[in-house]
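Visitor: Spelled out from the first residue to the last, the chains are:
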Amino acid sequence: MGLFVAQILTGLANAAALFLVASGLSLIFGVTRIVNFAHGSLYMLGAYFGITLMNTLPGAFGFWSAILLSGLIIGLIGVIIEICVLRPVYRAPELFQLVATFGVILVIQDLALMIWGAEDRLGPRAPGLKSVVRIMGEPVPQYDLALIAITPFILLGLWWLITKTRIGILVRAATQDREMVGALGVNQSWLFTGVFFLGSALAGLGGAIQLPKGGADLLMDLNIISSVFVVVVIGGMGSIPGAFVASVLISVLNVFGVAYLPQSTLVLMYVVMAVVLLLRPYGLFGREEKAGEHGQAGEPDRPIRPAGLYGRIAVAALLAVLALIPVFSGSFTQVLLTDIIIFCLFAASLQFMLSTGGLVSFGHAAYFGGGAYAAALLVSYSDTPMEIAFMFAPLAAGLLAILFGWFCIRLSGVYFAMLTLAFSQLIWSAAFQWYEVTGGDDGLVNIWPAKWLSGTNAYYYFTLIVGVGGIILLRHLTHAPIGYALRGTRDSARQAEATGINVKLIQWTAFSIAGALAGLAGGLFVFSKGSIFPNELEIAKSFDALIVVFLGGVKTLSGGVVGAGFMEVAKDWLTRLEYWRLILGLVIIGVVIIAPDGIVGTLRKVSERIGLRRTEEFMK
Amino acid sequence: MNAVLKVSGLNRFFGGIQAVKDVTFEVAPGELKALIGPNGAGKSTCFNMLMGQLPPSSGKVFLNGEEITGKPPRDIWRRGVGRTFQITGTYQSMTVAENVQMALMSHHRRIFAIRPYAYKLYREEAMALLEIVGMADQADRACAILAYGDLKRLELAIALANEPTLLLMDEPTAGMAPKERIRLMQLTADIVRERGVSVLFTEHDMDVVFAHAHHIMVLNRGELIAEGTATEVRNNKKVQEVYLGGGMLFNKEDTHA
Ligand SMILES: Nc1ncnc2c1ncn2[C@@H]1O[C@H](COP(=O)(O)OP(=O)(O)O)[C@@H](O)[C@H]1O
Ligand SMILES: [Mg+2]
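Chains as they are written, first to last, in the working numbering: chain A, 1 to 620; chain B, 1001 to 1257.
Derived from the structure by calculation, the hints contain no laboratory data. None of the values given here were measured: they were computed from a predicted structure. Even for Gly, the Cβ is constructed at its ideal location relative to N, Cα and C. Certain hints may be false.
[Claimed, not checked] Dumping the calculated DSSO-like pairs for lysine-lysine here, alpha-carbon to alpha-carbon at most 27 Å:
1. A:620 with B:1179
2. A:620 with B:1237
3. A:504 with B:1120
[What the hints assert, rightly or not] Chain A is faced by these chain B residues, among others (derived, beta-carbon under 8 Å):
4. 1138
5. 1144
6. 1187
7. 1190
Please take these sequences and the hints and turn them into a complete structure.
Guide: Here is the structure:
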């Protein structure tokens, strides 16, 4: 009984920081409809600033002022981000904003590395609250009790702010009906900035207040962001009480998970999230809302046609050059090109569902990594010949996509994206924590190709044929009736349903095809590296694909492939620099703001404007 | 039992508001029937229940004697109902011809085909339909750059793709110039005559309604208050009250979504 109570108390104490961060994210989403992936970075900055301030300000007073000051500073940093990065893209599709916030993550990571260095920092302990109290015989840290006491006040404070003040009324109005704020004569952009300040300050407070229990390190941004999303989604996006209940739920669940099911703490969280999304798609306290447009705002896509003669000649020439690479360059180039082709196929598979279908997935890595793991498991446990294991990769990923897709396509917009994220995290946590089978962090190794493919040359050609074949297949499908139907469901689901098309079935099919081809890329990947680790299933991997599709151009057919090629080459260059994330992040933010049509889209527009290319006949 | 469409006791609530009250009517084969009524009367809600976009709170809908209440729109379409919407919902990223080809691919059950290029499939059939509505010369333009009136004509061509026995047209001429309206309704009347299709349409331009409709029904606050020929409806006391007494002008432009 004593242990049980102690565990509940630990869970409640852990909920404090989680609630602070999650309520900030929820507020920002509720008012601005921006899914701020950089929220975890603000939390991390809060922790670093907290440590620096705590080391300068003395005593208990210094400790608590340091926490408040960190919140203030992070709030101001949030304002800078809002004004410089997000304001220019409020009118853009949500995907663009998302990509912009991902650029911010990269920038902040390197800035933190520059300022605070790479070593993990241990948080100072709170003056006057350093010992433990015995409750029913179990030791409970005093600081935990302090956190438990503080959290309700934060909740009450926020509740007061939202329900009793003029600002709060505006925030609520904006959360419920965005047009209304304009009607109230409020300057909407300052309201957004204000909310960003508040939300960021909460994240900063969360980062600083958890210091005595944790510390600060450069991984905490992405580590917390997935729990925060789980909390916000379970609680209902935009709901503060929801964030509170869900924080407590998840934190307590985690503590008990660690105690009784140490192998499945992470899985548990995502299972809860998936179940909530399926039963109550808008979260426990969220309200139903019409799905926003995803990736489809702005001018409509143009009609498409298969490549003409010149296009085909250009592609054939490129392929000829690629085929000749082994003749006049070394194995280093071939390895790089192998990576590029694999990534291009992965990106193309995402683009099929994202651009053509308007289905924005945050968890596409599940199928890439899933396929890779499927093949690797077959090789590791049953000595399956490589050829069969390789073919199993797209098959397994496709089956996984059929299973997960069945649930996901029931939702739309942000909620669809969140459920895809939940499922991919589920797979990731299984790979990460099911040590006996997947090797956990150590991954699965010694997954080499068959003899006839084992040379660098041979595997390069294999990748070239399979990879390019997959990309061409996807492109053909886009032009085939199934691809057109998919585009139709994206353009106007109502029209599609009213002309005999089963919208959900089409979307499910597209989801499965995209999954299978991501799995094909995963199969190529695992045998090219000889190993597979859980990081191929991470959120960051899913985002890589999202980012390159966007960089290449969402409203184009070749954007994913071009973006992926560009990104891999750029990374190959940039990673030689110490602060390459900073540069990459700035490039991403720059593209979002300056060239939202992406590389291909911008080239097309520019060449039309200067007369290099005729405007397509459709557009006259 | 030979009515194409039979509607009995249709009701629909939105929260506490009853948008459609006990609506009962029939549409005979080859009939061109109008459903008129002031803005917010419940016309679009009725249409949405006829084709499955909205489930009725209660009541039944029969198509050629078979019950279709609550079936999804795609099933109802397969049974031979074509529909145009008050706000057009064509595929913006496709050309005019491709929009019709999509409906044809669906009609011929080729949606899941993976071999052929979609833009080549049923091109001739699509052109023939576009010819009927006078849109053939714009076949290869992107839908996104069409004028609104042209989109309405395109929608009609799409609605004809599955050789329907019944056409539901919600405000087919909204947003068109007066001359264009008359031409579109003339076209619709011709289609009814030549193909034997039944048409149920809503309209707020009374000239159009009185010139073409065989029968007119009047809906007010969700209730049918009159039904009959043009003259009968025009002389109906209740109708005059709704349209004149209620401050509604016969030609008032409808901007309601
Ligand atoms: N989805 C909905 N939710 C709530 N009320 C609705 C909805 N759709 C229509 N209504 C209401 O039902 C009534 C009838 O609307 P509608 O059928 O569009 O009228 P009409 O097409 O005759 O102009 C209106 O009062 C409208 O506000
Ligand atoms: Mg209407």
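Visitor: Which of the listed hints are broken here?
Guide: Hints 2, 4, 6, 7 contradicted; others consistent.
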